[in-house]
Amino acid sequence: MSRKQESGTPGRLVSFFASVKLSITLLFVLAATSILGTVIPQNEPARFYQENFSEPVLKIFTAFNLTDMYHSLWFTALLLLLGVNLVVCSLRRLPKTWKVARSKGAGFSDSRFAGIRHKEEFSSKLPADQLAAAAEKILSKKFRRVKTAQTRSGTGLWAERGRWSRLGPYVIHLGFLLTLVGGLVGSLWGFSGFMNLPEGDTMDHAFLRKTGQAVHLPFAIRCEDFDVSFYENGMPKEYTSRLTVLEDGKEAFTTDIEVNHPLRYQGINVFQSSYGNYLSATLTFLNPQTGKTWDKTVRIREMAELPEGAGRFMVVDFSEAFKHQGKTMGPVFHLHVFPKNGRPTRIHLIAGVPRDKAPAAGPFKVLAKDWQQRYYTGLQITRDPGVGLVYTGFALIILGCFITFFLYHGQVFVKVSGNKALTKVAVAGLANRNQQGFELKVRSLAEELAEAAGKLEKHRKTGR
Amino acid sequence: MTPSVPPSSTLITIVTFVYFGALVLYWAGWIYASPRLAGAGRVAAVAGLLGNTASFFLRWVESYRMGAGHVPLSNLYESLVIFAIICVATLVVIEVRYKLNYLGALVTPLAFFALAYAALQSSEIRPLIPALQSNWLHAHVFTAFLGYAAFAVALGLAVMYLLKKRSPDGSITSSLPEAGVLDQLMYQSVLLGFLFLTVGIITGAVWANSAWGRYWSWDPKETWSLITWFIYASLIHVRLVKGWAGTRTAVISIVGFAAVLFTWFGVNYLSGLHAYG
Ligand code: HEM
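Residue numbers (this note's numbering), protein chains in the order written: chain A, 1 to 464; chain B, 1001 to 1277.
The hints are simulated quantities; they were obtained by calculation from the structure and are not laboratory data.
Quick caveat, the model's predicted, so the values are computed rather than measured.
It is possible that some hints are incorrect.
To be verified - In silico lysine-lysine, DSBU-like type, Cα no more than 30 Å apart, as pairs:
{"id": "1", "chain 1": "A", "residue 1": "441", "chain 2": "B", "residue 2": "1165"}
{"id": "2", "chain 1": "A", "residue 1": "296", "chain 2": "A", "residue 2": "369"}
{"id": "3", "chain 1": "A", "residue 1": "119", "chain 2": "B", "residue 2": "1242"}
{"id": "4", "chain 1": "A", "residue 1": "59", "chain 2": "A", "residue 2": "104"}
{"id": "5", "chain 1": "A", "residue 1": "125", "chain 2": "A", "residue 2": "99"}
{"id": "6", "chain 1": "A", "residue 1": "292", "chain 2": "A", "residue 2": "250"}
{"id": "7", "chain 1": "A", "residue 1": "142", "chain 2": "B", "residue 2": "1099"}
{"id": "8", "chain 1": "A", "residue 1": "441", "chain 2": "B", "residue 2": "1242"}
{"id": "9", "chain 1": "A", "residue 1": "21", "chain 2": "B", "residue 2": "1099"}
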């Protein structure tokens, strides 16, 4: 495949970006560098790398962003280069291929026929015009487009199939391009976040996976119920969340989501991703001086205010059956207390202790009144405006592969020539792909022609 | 815990021996240039294939009987079983269609090793965790393994091509078809494998998007399947655009299959979402 060399710098640049050499180099470089990211753990916390790699190695990691290499500048640049390569190559080639694909067909010409090396030949005593007519009939049955031409040396027939299949590679390339663009669109205008939503609670924002930043959603979600079902052997069978979507505070609808069955609404996708449980406890604070009491309902690991503005506290842990010096103590709450006046303290609050044994939390005595374990559902919340493009790209890639691999543009040339006594027939085939397979087809076509000619000949003899 | 051994895996053990028999017959046929011995190998391969396929469906039924019904395409053991089935089926089709005799000598070992390796895996039937309960998953595993098997056959043909090329009339190569035929068949197997690998990667992406909301997350297995895809895409390009054929494409085909093996097994030594083949 020789091509005219473009002259001048712009021409050479176009040639460079259009070359298959570049695409193959890029494919190999991408394949080779992709390996790095499968060997070096990606997106771990900084501490992980400091513990597992030495200083010089870390420097290299940082320089080339190897701990998040698939999103690094250089890797993205390689992908973009591949995209540019595809666009330039296709744009440069497409007009020519398009012309071929749309043309009415070149038809028979002596020079094209002469250019094909391999030919099947036979001869017959039938007159040339009768043979040509028979050949045309057979060709018309097998090919959509058949043309007959008179040349100086005889009659030439031409037929073709699968001309449109020449566009196959472009369909793949377009599909691949759409996939790349869709990926880019998704990474620029999409997000991926999570929301840990306790049963009964409502939230209208998710947190970004990467930065922890809050993203406001166009609607709020309330978790009505979360449920895990199990198989007999104890493996989880299904996670189900019953969610209500609220718009402007009004309930829009309620639906169940499961793993593999997300909720898609207003461009936002809500996936069942994980679950967990957390503690909700009601603690009673008693002011021994005034005898006043307060009930406070708090969640585990959430900072809360002490009564009377006396400071803050947090339930940091809870154990159902706390063991102390070999004795099981029953449910125990671990609290951190930060009084306004005084030093922070840690206390163990054993459920059910009598009032006089209750521990001190700042100026108060504290008792456990009530507690329960509640589920929260872990939701993956995403928006990806690129998915449509990516899926269209997927479909085109598959379609294009099918066209490129299994269809081809085949042309058959039949030349009928000779004198009154003997007619010579030569059949030749030309395919843009699958030349060998097409040659077999051409051979059997030639055999069919010869057989038909033989029959006609016999007919003529007996008819006389 | 002593997992019960389902009857289907007893059948697989028998099939493993049948494939071994086929392997021996094919090799004997090849070495002694005896199409009849190789033909006996093919008969054994077909017998093994029937048992192999029966065990696949039996396991499917068994899973329903256990109340954990699913298509058996969900763990390493099951992936090895389906690989062996597709490998041998493709082999038989190509041998019959293109009148080849000895391709089995290079392909039956792959099926045999796959099942022998499966014997080392747990064959216990376990129900599917929620993420795996998807028809996309079954389409994904099935097409990916169609691809792998076609690449395995291409590997066999590439090796045959290289042997034939080195000594066309050697004692073990004189009975092989012409190098050109082997080359063309190798390329066609690669095309078939590439199409299925493509569909496999895409169905996997669609599945991931329905389960986790991301169609691509660069996990090691995904990345390796893409590496494999790039290698075979290069092969197709150099062939179509540069007109490379013969030794060079045979070598790329071998490199490509090494990438297939790594995608399938090697990745298990790296961390990621995919725990199995
Ligand atoms: C992975 C991304 C791909 C890139 C970057 C790419 C790039 C290219 C480039 C640069 C050319 C050369 C065009 C020219 O010579 O003017 C080309 C040609 C071609 N590509 Fe691709 N390609 C990709 C994927 C594919 C795939 C998956 C196939 C599958 C078969 C394919 C099939 C072809 C064919 C058949 C040609 C020859 C076109 C012709 O001769 O008109 N490409 N490709």
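Status of each hint after checking the structure:
1. A:441 / B:1165: 28 Å, holds
2. A:296 / A:369: Since the Cα atoms of residue 296 of chain A and residue 369 of chain A sit roughly 9 Å apart, the hinted pair holds (cutoff 30 Å).
3. A:119 / B:1242: 26 Å, holds
4. A:59 / A:104: 62 Å, violated
5. A:125 / A:99: 41 Å, violated
6. A:292 / A:250: 40 Å, violated
7. A:142 / B:1099: Satisfied, since the Cα-Cα distance of roughly 27 Å is no more than 30 Å.
8. A:441 / B:1242: Holds, at roughly 26 Å.
9. A:21 / B:1099: 37 Å, violated
Comparing the model with each numbered hint stated earlier shows that hints 4, 5, 6, 9 do not hold.
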